[in-house]
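For this one, chain V is given, so just place chain H on it according to the hints.
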Amino acid sequence: MTIEFDTSSAKFADYAEPGRLVTTEWLAAHLGEPGLVVVESDEDVLLYETGHIPGSVKVDWHTELNDPVVRDYVDGAGFAALLSRKGISRDDTVVIYGDKNNWWAAYALWVFSLFGHDDVRLLDGGRDRWISEGREITTEAPAPAATNYPVVERDDSALRAYKDDVVSFIGTGPLIDVRSPEEYNGERTTAPAYPEEGALRAGHIPTAQSVPWGKAVAEDGGFRTRAELDAIYRDGAGVTDGDDIVAYCRIGERSSHTWFVLKHLLGFDKVRNYDGSWTEWGSAVRVPIVTGSEPGSL
Amino acid sequence: MSTTHVPDTLAEIRDDFLDLPEADRLQLLLEYANELPAVSEEIAQHPEMTERVAECQSPVYIFVEVADGVVTMHATAPPEAPTTRAFASILVQGITGLTPDEVLAIPDDYPQSIGLTRAVSPLRIGGMTGMLMRAKRQVTQKR
Numbered sequence: 004m005t006i007e008f009d010t011s012s013a014k015f016a017d018y019a020e021p022g023r024l025v026t027t028e029w030l031a032a033h034l035g036e037p038g039l040v041v042v043e044s045d046e047d048v049l050l051y052e053t054g055h056i057p058g059s060v061k062v063d064w065h066t067e068l069n070d071p072v073v074r075d076y077v078d079g080a081g082f083a084a085l086l087s088r089k090g091i092s093r094d095d096t097v098v099i100y101g102d103k104n105n106w107w108a109a110y111a112l113w114v115f116s117l118f119g120h121d122d123v124r125l126l127d128g129g130r131d132r133w134i135s136e137g138r139e140i141t142t143e144a145p146a147p148a149a150t151n152y153p154v155v156e157r158d159d160s161a162l163r164a165y166k167d168d169v170v171s172f173i174g175t176g177p178l179i180d181v182r183s184p185e186e187y188n189g190e191r192t193t194a195p196a197y198p199e200e201g202a203l204r205a206g207h208i209p210t211a212q213s214v215p216w217g218k219a220v221a222e223d224g225g226f227r228t229r230a231e232l233d234a235i236y237r238d239g240a241g242v243t244d245g246d247d248i249v250a251y252c253r254i255g256e257r258s259s260h261t262w263f264v265l266k267h268l269l270g271f272d273k274v275r276n277y278d279g280s281w282t283e284w285g286s287a288v289r290v291p292i293v294t295g296s297e298p299g300s301l
Numbered sequence: 766m767s768t769t770h771v772p773d774t775l776a777e778i779r780d781d782f783l784d785l786p787e788a789d790r791l792q793l794l795l796e797y798a799n800e801l802p803a804v805s806e807e808i809a810q811h812p813e814m815t816e817r818v819a820e821c822q823s824p825v826y827i828f829v830e831v832a833d834g835v836v837t838m839h840a841t842a843p844p845e846a847p848t849t850r851a852f853a854s855i856l857v858q859g860i861t862g863l864t865p866d867e868v869l870a871i872p873d874d875y876p877q878s879i880g881l882t883r884a885v886s887p888l889r890i891g892g893m894t895g896m897l898m899r900a901k902r903q904v905t906q907k908r
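Taken in sequence, the protein lines are chains V and H.
In this text, residue positions in the first sequence follow my numbering: the first is 4, and each later residue adds one.
In this text, residue positions in the second sequence follow my numbering: the first is 766, and each later residue adds one.
It is worth saying that the hints were derived from the structure and are not from the lab.
Among the hints, a few may not be true.
Claimed, not checked - Okay, the calculated beta carbon distance ranges per label pair: (1) V:G270 <-> H:D873: 49 to 55 Å; (2) V:E136 <-> H:A776: 50 to 56 Å; (3) V:T142 <-> H:A809: 26 to 32 Å; (4) V:G119 <-> H:Q792: 30 to 36 Å; (5) V:A148 <-> H:Q792: 19 to 25 Å; (6) V:A31 <-> H:E777: 41 to 47 Å; (7) H:Q792 <-> V:P147: 15 to 21 Å; (8) H:Q877 <-> V:G119: 35 to 41 Å.
From the three backbone atoms N, C-alpha and C, an ideal C-beta is built for every residue, glycine too.
Here chain V stands alone, though its shape is the one from the complex (with noise of 0.2 Å):
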């Protein structure tokens, strides 16, 4: 850890990583310390263009964390010359926002752990929440000097599932379902409001339940408190301690909302992010697929 905790919000205090979230207040204080680096993910590949935090630099999830050709993300050379070239060092602390609720930022933070890097943060409220507060955004791009990022290689056993991964998972720990009612019920194959990006078949996989990402998100566009997001995951969906927790929505960016989550802020050991997700179910030959408003069984 290079930069202390943010240890000024007693909302953080009762997660199981308080260090993993920071204040606007606290982010406005240490802009510019050595050894931070602000990062804004957004979808929109242009948002940040017009305005954003002074200094931070942009991480777009399509042209710099996925590879152009396969898809995956970048391997280990290729995350070594975008953080390289992003300023960022392997000791840093980095802090990420975005819009749509940190969707973007906390897709972001899931990839740059499956490098391990370890100091990773998101600034709670996103960028909705700095600007709607008044706070100083620029147009003026910064120019961070090179760093010398290591290649480390991905590892992705403990935070990614893959497909076959999931197809023998079923029936043995939680699935969570991040999507919304109308894509679990099967009344269609993408988000609402979303484009179609090319699933076959719509419903869910069996016994998965369904937790929209949404509901992590306070009227302050915050996470919920730790009591309330209790309330969601154990009460609502049955997660108990030591279960091994599989997310998925329909490209794992919104189940990397609620990986953040269930990893972070609730403190589950051991949860996977299926980014093939419904893209990659919807289209696969043969996989089990439950439709309606029951989790089913296989």
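Just chain H, lined up with the frame of chain V:
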């Protein structure tokens, strides 16, 4: 319509993008986002006149008029969706003033031709394609 032709304005826009190094193309795209004109009072007050472009991740609505053989395109998209605004802005500038035949002759792959596939990603470019196809369909219906 068996032949395609890129109208002059869209050709100029394409060439402006292609003349720039790839890294600078987003800045030009941002300029287009900022240039998207507000829709007329009449359209603003009658959202039912517009059609939602479902291929775009952000809420964007288009409305195409054909009057006296001339096409006018209007579009709205929120400020927090600048890429979508920019795509709409390019099409509004490129289509308005054309004849229906000229609009229908715009190649369907125009969005792939302006040098943004790598800078923006193919999936996002798909949103612009959806917008173009819907504009063409409205022209067909209203001509």
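Taking the hints in turn, this is what the structure says about them:
no.: 1; hint: V:G270 <-> H:D873: 49 to 55 Å; in the structure: holds (51 Å)
no.: 2; hint: V:E136 <-> H:A776: 50 to 56 Å; in the structure: violated (45 Å)
no.: 3; hint: V:T142 <-> H:A809: 26 to 32 Å; in the structure: holds (28 Å)
no.: 4; hint: V:G119 <-> H:Q792: 30 to 36 Å; in the structure: holds (34 Å)
no.: 5; hint: V:A148 <-> H:Q792: 19 to 25 Å; in the structure: holds (22 Å)
no.: 6; hint: V:A31 <-> H:E777: 41 to 47 Å; in the structure: holds (43 Å)
no.: 7; hint: H:Q792 <-> V:P147: 15 to 21 Å; in the structure: holds (18 Å)
no.: 8; hint: H:Q877 <-> V:G119: 35 to 41 Å; in the structure: holds (37 Å)
Of the numbered hints stated above, the single one contradicted by the structure is hint 2.
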